[in-house]
Amino acid sequence: MNYLRRAAARVQSQAMLTVLHRDRPEAIQQLGAGALHELRQWPDLEVRDIPDARSGNGCSVSGAYFAGTPAVLAVAASTSLARRDFTALHELGHHLQQTTVELMGILLDQPDGGTALEESACDAFAAEILLPQTLADRYIPATGPTADAAVALWRASNASRMAACVKASERLPAPGHVLLVDSDGVLAFAASHGLAPLRRGSDQSHVPVLRTALSSRGRSEGRGRFAYRDGILGEELYLQTAEIDGYLLAVAVTDLAPWRSFAPSARQPGPEPTEYACTHCGEDFTSYAPACTRCESAPCPDCGRCGCDRGVSERQCSSCFVVHPLAMFDGASDRCRDCD
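Numbering that gives the first Met the number 0 numbers the first residue of the sequence shown as 0 and each following residue consecutively.
Calculated directly from the structure, the hints in this document are not laboratory data. On a predicted model such as this, the values are computed, not experimentally measured, just so you know. Possibly wrong hints are sitting among the right ones.
What the hints assert, rightly or not - What follows is a set of in silico ranges between Cβ atoms, one per label pair, in the way DEER data are often shown:
1) 218 - 140: 33 to 43 angstroms
2) 263 - 109: 28 to 38 angstroms
3) 40 - 273: 54 to 64 angstroms
4) 286 - 40: 52 to 62 angstroms
5) 263 - 322: 22 to 32 angstroms
6) 196 - 76: 24 to 34 angstroms
7) 205 - 315: 45 to 55 angstroms
8) 264 - 80: 37 to 47 angstroms
9) 301 - 112: 27 to 37 angstroms
10) 331 - 183: 24 to 34 angstroms
11) 6 - 322: 51 to 61 angstroms
12) 273 - 332: 13 to 23 angstroms
13) 260 - 71: 49 to 59 angstroms
14) 211 - 273: 22 to 32 angstroms
Note that the Cβ used here is the ideal one computed from N, Cα and C, for glycine as well.
Can you make the complete structure from the sequences, with help from the hints?
Written out as structure tokens, the structure reads:
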């Protein structure tokens, strides 16, 4: 989420709270005290407990929203009550944005139709109900959240670990993430700011700072790079971790790390592509894709092949006597396309 989207998500979440207060004046306080219990009383909603709510709809939480009469908020029954409350509020955020004209209009004005903003606003909306700004002001310093500060905020509330991550990420001083990582190094939740979001369920156990923290009491500091799709590594970040109820909470930023007296930017341009020359069609190309372990070449975007089993890659034209890549010949012809 870039700076503009984070600001837009906060504005949208405040608009959602305004709508909620207008339509149900007592709801915000009651949702903060027990979201699931309160939502089960609403006649226009059905809260459904299901074994696994990972529906593939892109949600950052284990839940799903289904429009209808009544609308359905699906919540994974296997998680803790605090996490289920956060998930229910997140899905309520989808319901508000998809059924309220003024909120829908804001989404439709976005270049992608509001998909990214809607998801970010749901997290911000849920976190604001469970962790109001006044409480966050008390525990997160003006310089930004440390891992210990984020944990302290969580302990001072009845909110979920995810809500604490979202609230802490809103106050990051630089692009970064606030993450929850399980005991195997698998990402359970990520609240991102200014960087591409990390995928829930991705294996991050390769990061040395996380490995050290997982093998000790949860505390570690240093630098590291998180993995995105296909094993592509993001830029190097400053990291600090703390233990939070059986998980690691990690704060990661490009610079201005609140736990360091001096933290210059560690930013790189991002994942760097590698240049190749295709041994089949002769085209030069650059690729972010992982290289083949046998030929050390990524697949060519033109012919789709790496360097394996390349056989004869060139042929001499019988007319101009120039040696061309095979792509310059039609089938078994001994004359190049220029001469034909």
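So does residue 211 sit 22 to 32 angstroms from residue 273, Cβ to Cβ? holds (30 angstroms)
Quick check: does the Cβ-Cβ distance between residue 260 and residue 71 fall within 49 to 59 angstroms? holds (51 angstroms)
Given a hint of 22 to 32 angstroms, does the C-beta separation of residue 263 and residue 322 actually sit inside it? Check failed, 51 angstroms falls outside 22 to 32 angstroms.
Assuming the hint says 37 to 47 angstroms, is it satisfied by the Cβ distance from residue 264 to residue 80 or not? With Cβ atoms ~41 angstroms apart, the hint holds.
If you check the beta carbons of residue 196 and residue 76, does the distance land in 24 to 34 angstroms? At roughly 26 angstroms between Cβ atoms, residue 76 and residue 196 fall inside 24 to 34 angstroms, so the hint holds.
Does 54 to 64 angstroms hold as the CB distance between residue 40 and residue 273, or does it fail? holds (57 angstroms)
Looking only at beta-carbon atoms, does the pair residue 301, residue 112 fall within the given range of 27 to 37 angstroms? For residue 112 against residue 301, whose Cβ atoms are near 32 angstroms apart, the range 27 to 37 angstroms holds.
52 to 62 angstroms was suggested as the range; check whether the CB atoms of residue 286 and residue 40 agree with it. Once the Cβ atoms are compared, 54 angstroms apart, the range 52 to 62 angstroms for residue 40 and residue 286 holds.
Does the hinted range 33 to 43 angstroms hold for residue 218 and residue 140 at CB? The hinted range 33 to 43 angstroms is violated for residue 218 and residue 140, with Cβ atoms some 19 angstroms apart.
Does the beta carbon distance between residue 205 and residue 315 stay inside 45 to 55 angstroms, or does it fall outside? holds (48 angstroms)
For residue 263 and residue 109, compare the CB-CB distance with the range 28 to 38 angstroms and indicate the outcome. The hint (28 to 38 angstroms, Cβ to Cβ) holds, given that residue 263 and residue 109 are roughly 34 angstroms apart.
Residue 273 and residue 332, beta-carbon distance inside 13 to 23 angstroms? This hint is violated: roughly 33 angstroms between Cβ atoms.
The structure is inconsistent with the numbered hints 1, 5, 10 and 12, although it conforms to all the rest.
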